[in-house]
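Fit chain B to the supplied structure of chain A, relying on the hints for placement.
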Amino acid sequence: MAVKVRIPTPLRKLTGGSSEVFAEGVTVSEVLADLEGKYPGIKERICENDGALRKFVNLYLNDEDIRFKENMNTKVVDNDELSIVPAIAGGIS
Amino acid sequence: MDFTEEQIERYSRHIILPDVGGKGQAKLLKSRVFVLGAGGLGSPALLYLAAAGVGAIGVCDGDLVDLSNLQRQIIHNTGMVGTPKTLSAKKAIEELNPGVKVTAYNERLNAGNIREVIRGYDIVLDGSDNFPTRFLANDASFFEKKTLVSGSMFRFEGQVSVFKPHQNYPCYRCLYPEPPPKGLAPSCQEAGVLGALAGVIGVLQAVEAIKEILNIGEGLSGYLLVFDALKMSFKKLKIRKDPGCALCGENPSIKELVTYEEVCEATAGKCES
Chain A
1 MAVKVRIPTP
11 LRKLTGGSSE
21 VFAEGVTVSE
31 VLADLEGKYP
41 GIKERICEND
51 GALRKFVNLY
61 LNDEDIRFKE
71 NMNTKVVDND
81 ELSIVPAIAG
91 GIS
Chain B
94 MDFTEEQIER
104 YSRHIILPDV
114 GGKGQAKLLK
124 SRVFVLGAGG
134 LGSPALLYLA
144 AAGVGAIGVC
154 DGDLVDLSNL
164 QRQIIHNTGM
174 VGTPKTLSAK
184 KAIEELNPGV
194 KVTAYNERLN
204 AGNIREVIRG
214 YDIVLDGSDN
224 FPTRFLANDA
234 SFFEKKTLVS
244 GSMFRFEGQV
254 SVFKPHQNYP
264 CYRCLYPEPP
274 PKGLAPSCQE
284 AGVLGALAGV
294 IGVLQAVEAI
304 KEILNIGEGL
314 SGYLLVFDAL
324 KMSFKKLKIR
334 KDPGCALCGE
344 NPSIKELVTY
354 EEVCEATAGK
364 CES
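If you read the protein sequences in the order shown, they are chains A and B.
FYI, our numbering numbers position 31 of the first sequence as 31, with every residue one higher than the one before it.
Numbers in our numbering are just positions in the second sequence, counted from 1, shifted up by 93.
Bear in mind the hints are in silico, worked out from the structure with no lab data behind them.
Mixed in with the good hints, there may be bad ones.
[Stated by the list, open to error] 25 Å max Cα-Cα, derived DMTMM-like pairs, lysine to aspartate or glutamate: (1) B/Lys-331 x A/Glu-64; (2) A/Lys-13 x B/Glu-355; (3) B/Lys-329 x A/Asp-80; (4) B/Lys-334 x A/Asp-63; (5) B/Lys-184 x B/Glu-102; (6) B/Lys-328 x A/Glu-81; (7) B/Lys-334 x A/Glu-70; (8) A/Lys-55 x B/Glu-271; (9) B/Lys-331 x A/Glu-70; (10) B/Lys-324 x A/Asp-80.
Source: prediction; values computed, not measured.
The shape of chain A in the complex, shown without the other chains (with noise of 0.2 Å):
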């Protein structure tokens, strides 16, 4: 399954700058795997290691929150869009 991935800009660094990228998998802890295969690095700002998510960083498949469905296990199908939602505070006073 292809689905499209959503990069915040805090992220985009790893991503090249792309704020859209492809990545593969039945479930959202598959895509995340083949997501850092292509941009190493990204797991850890999204992933806890033990793979858990981090507590301030959300996912979204298409508009439901993760953690109400089932979590990294989450089936994803075709054209499925995942957005990673990290907390945002400012930045610059």
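Only chain B this time, still in chain A's reference frame:
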């Protein structure tokens, strides 16, 4: 309530709006909004709230106006460089609408004072620029049962939501349980923000605050609006109330305000975007 001739003229475009009318305008005139940060988000939000006739506005910021703020913090002007932001904002609001009662809090809020300060307001509008303040505002708003209109931004991207856990909607912690630790928040060197983006997000916050006061339309409670200025795209994502939320869930572990450490040294001590 009886309007003065001046008020009828000043607010005529609201009064003739079917969903606002005289009744709605009267609600605005009686409303009290606390704005956290007179910076990038607070500036446009404050101006529109004042223009709308919000009766009492509290504005909190501990900083002085700096020349580098003026690229986006449009409530301030060049002549105010070096002046406390709260005083600069108060002056601008009073010039725009002398009918608004402005209270300036020239300080940084902390766990010891925030609850008492926000208690006198109906709505808290968060335009802060750091995670410790953002979580503090969320938790204090929850404990004081205040509606929190939240906005944040980074470079070309912004987020807006309304948190009303006291009305069975999610809180900020249902969305993000904890702030990022040191080293994982985007560094200040990488930061920077498109000035006009602050306008988009801050004005959306003002719109949501005004809708809450008027009790009209569909608010952003239970949704996170994500705006990408480069793509010119708005995405509305669902936020679920988390039964396991440490603050507003079924078995909360947070029973009092928590103080987090500032994760980005360069923004420590500052209170706005």
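Going through the hints against the structure:
Straight-line distance between C-alpha atoms of B/Lys-331 and A/Glu-64 comes to about 6 Å, which keeps the hinted pair within the 25 Å bound. For the proposed pair A/Lys-13 and B/Glu-355, the alpha carbon gap of about 24 Å is at most 25 Å, so the pair holds. As the CA atoms of B/Lys-329 and A/Asp-80 are separated by approximately 16 Å, the hinted pair is consistent with the 25 Å bound. This hinted pair checks out: B/Lys-334 and A/Asp-63 have alpha carbons roughly 15 Å apart, not beyond 25 Å.
As the CA atoms of B/Lys-184 and B/Glu-102 are separated by approximately 22 Å, the hinted pair is consistent with the 25 Å bound. The straight-line distance between the Cα atoms of B/Lys-328 and A/Glu-81 is roughly 12 Å, inside the 25 Å bound, and the hint therefore holds. Simply put, B/Lys-334 and A/Glu-70 have alpha-carbon atoms about 16 Å apart, close enough for the 25 Å limit, and the pair holds. Using a Cα cut-off of 25 Å, the hinted pair A/Lys-55 and B/Glu-271 holds, with the two alpha carbons roughly 5 Å apart.
As the CA atoms of B/Lys-331 and A/Glu-70 are separated by approximately 16 Å, the hinted pair is consistent with the 25 Å bound. For a cut-off of 25 Å, the pair hint linking B/Lys-324 to A/Asp-80 stands: about 19 Å separates their Cα positions.
Consistency note: the structure conflicts with none of the earlier hints.
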